[in-house]
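Visitor: Chain by chain, the residues:
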Amino acid sequence: EAQVTQNPRYLITVTGKKLTVTCSQNMNHEYMSWYRQDPGLGLRQIYYSMNVEVTDKGDVPEGYKVSRKEKRNFPLILESPSPNQTSLYFCASRREGSYNEQFFGPGTRLTVL
Amino acid sequence: AQSVTQLDSQVPVFEEAPVELRCNYSSSVSVYLFWYVQYPNQGLQLLLKYLSGSTLVKGINGFEAEFNKSQTSFHLRKPSVHISDTAEYFCAVSYTGGFKTIFGAGTRLFVKA
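In order, the protein sequence lines correspond to chains D and U. For the first sequence, my numbering gives the first residue as 14, with consecutive numbering after it. For the second sequence, my numbering gives the first residue as 725, with consecutive numbering after it.
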């Protein structure tokens with residue numbers, strides 16, 4: 014089954030404790046992206062990757078890091094989480110070409126205390 | 725700056741009534757337009773998309789949308805809604821040759837019995 018998986022689905026942590034949210038897709042998509050969803054703000058792009066070892070900042074990259082060492086994986090790293098990073102996070106992937114639809118993971122609900 | 729505006733944050737409607745969810749975008753270049761749906765506790769999935777050609781686009785679950793270039797709008801419609809259509813709907817825009825997709829803030833559709 015074609016899918017995007019994220020782990021964990023739910024995470025409660027404390028300020029300053031480094032964490033990683035994993036994202037994996039099995040569709041051989043070139044493009045992957047991370048979004049955060051906050052009430053009234055819709056989805057805002059954090060980082061995206063056009064292919065292996067090619068990443069770039071989205072609209073809200075502060076406090077986040079990413080890497081793309083393999084085509085299928087695109088982890089999101091919070092080196093020192095803060096309460097304002099409490100949010101619902103989605104990973105998405107698509108084929109090359111901005112006319113292609115994105116496929117979304119199920120989401121990770123992060124709470125930073 | 726490029727932006728997407730969804731004019732209604734919440735739309736309550738009775739079952740079997742028609743509904744229109746409004747979306748306007750700002751752009752002076754060629755765009756690709758998408759509507760995604762998010763059911764409770766799930767990721768987003770594609771409802772329909774406009775790439776080119778006929779301005780009336782049909783999607784899944786009986787939804788359709790009309791692209792209006794002069795009004796820079798892409799409103800979503802359904803002639804008769806079901807309880808199961810209760811969800812959040814996102815309008816999104818991407819640009820020819822671009823890497824980003826810009827999402828609107830979302831419209832919550834509540835279908836009442």
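Just so you know, these hints were derived from the structure itself, not from any lab. Be careful, since some hints might not be right.
[To be verified] Looking from chain U toward chain D, a few residues come up when the C-beta cut is under 8 Å (computed): (1) Phe738; (2) Val753; (3) Tyr756; (4) Gly767; (5) Leu775.
Here a beta-carbon is modelled for each residue, glycine too, at the ideal position from N, C-alpha and C.
Visitor: Does each hint hold? Answer for all of them.
Guide: Verification of the supplied hints:
no., hint, in the structure
1, Phe738, "violated (25 Å)"
2, Val753, "violated (11 Å)"
3, Tyr756, "holds (5 Å)"
4, Gly767, "holds (4 Å)"
5, Leu775, "holds (5 Å)"
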